[in-house]
Amino acid sequence: MTAHHVNRDHPAEVLRAAYEAFAAVVRPLGDEESWLPTDCAGWAVRDLVFHCVADAQRALVALHTPATGPADRDAVTYWRQWAPDPVGAADGRRRNRVGASMFPDFRQLKELYLETTAATVTAAAAARPDDRVITQGHVLTAGDLMVTLAVEASIHHLDLVARLPAAPGPAPTGLAAVRATLDGLLGRPVPLGWSDERYARAATGRAPLTEAERGALGPDADRFPLFS
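Numbered per my numbering, the sequence shown spans residues 268 to 495.
In short, the hints are calculated from the structure, not lab data. All of these numbers come straight from a predicted model, not from anything done at the bench. Where hints are given, some of them may not hold.
The calculated label-pair distances, taken between Cβ atoms and stated as ranges, are [to be verified]:
# : residue 1 : residue 2 : range
1 : V365      : P295      : 19 to 29 Å
2 : I401      : G485      : 32 to 42 Å
3 : E299      : R455      : 23 to 33 Å
Glycine included, every Cβ here is placed at the ideal spot set by N, Cα and C.
Can you make the complete structure from the sequences, with help from the hints?
Here is the structure:
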């Protein structure tokens with residue numbers, strides 16, 4: 268498998284920065300704000316936070332599930348399985364809404380998110396980046412897993428703050444990991460002067476391409492979104 272280099276120097280620190288930036292948004296939120304919409308279709312803030320709790324829990328399991336075989340995915344190729352799937356996305360929205368509804372008081376969900384991500388960061392710091400782990404039926408190095416988690420957290424951070432204009436943005440290192448991942452999927456640096464935020468939103472189907480952008484991308488425009 269071709270190796271891709273996506274911010275591998277300190278993957279645990281990239282994950283820590285992404286999770287701490289997301290936590291900085293979640294920590295002060297009250298129950299009323301938890302019902303605000305996000306840029307994830309059909310999800311309020313509380314639904315998105317529940318989804319991110321589940322992702323951090325998956326990370327904890329993966330970091331403690333060693334693999335004996337070779338890696339079959341890296342920090343870029345991992346995302347090739349996440350092609351747009353309207354039916355699957357609708358089912359996921361419904362399951363997530365039901366799960367989030369188990370927390371009538373947002374403070375309970377918020378505390379679960381904060382303590383779970385803190386535990387995940389601790390586990391990531393203790394892991395060796397070259398160790399192989401299992402997640403979602405695939406084998407990755409622990410370092411590549413951490414980068415995928417930082418990418419997901421950073422993209423969902425942009426979703427989270429869609430109706431929270433005063434909230435802080437994602438960690439720069441997390442957004443850098445998003446850009447490197449998207450360039451890896453595209454096969455070249457994107458030929459547009461996009462900010463990290465614009466690139467993340469356009470390449471994951473959260474914002475449509477303009478005609479000028481499609482022209483600059485050429486045939487690659489038809490490959491967007493690169494994942495969702």
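Results for each hint:
Distance hint check: the CB atoms of V365 and P295 are about 26 Å apart, consistent with the given range 19 to 29 Å. At roughly 38 Å, the beta carbons of I401 and G485 sit within the given window of 32 to 42 Å. One distance hint, 23 to 33 Å for the beta-carbon pair E299 and R455, is violated here, with the actual separation near 45 Å.
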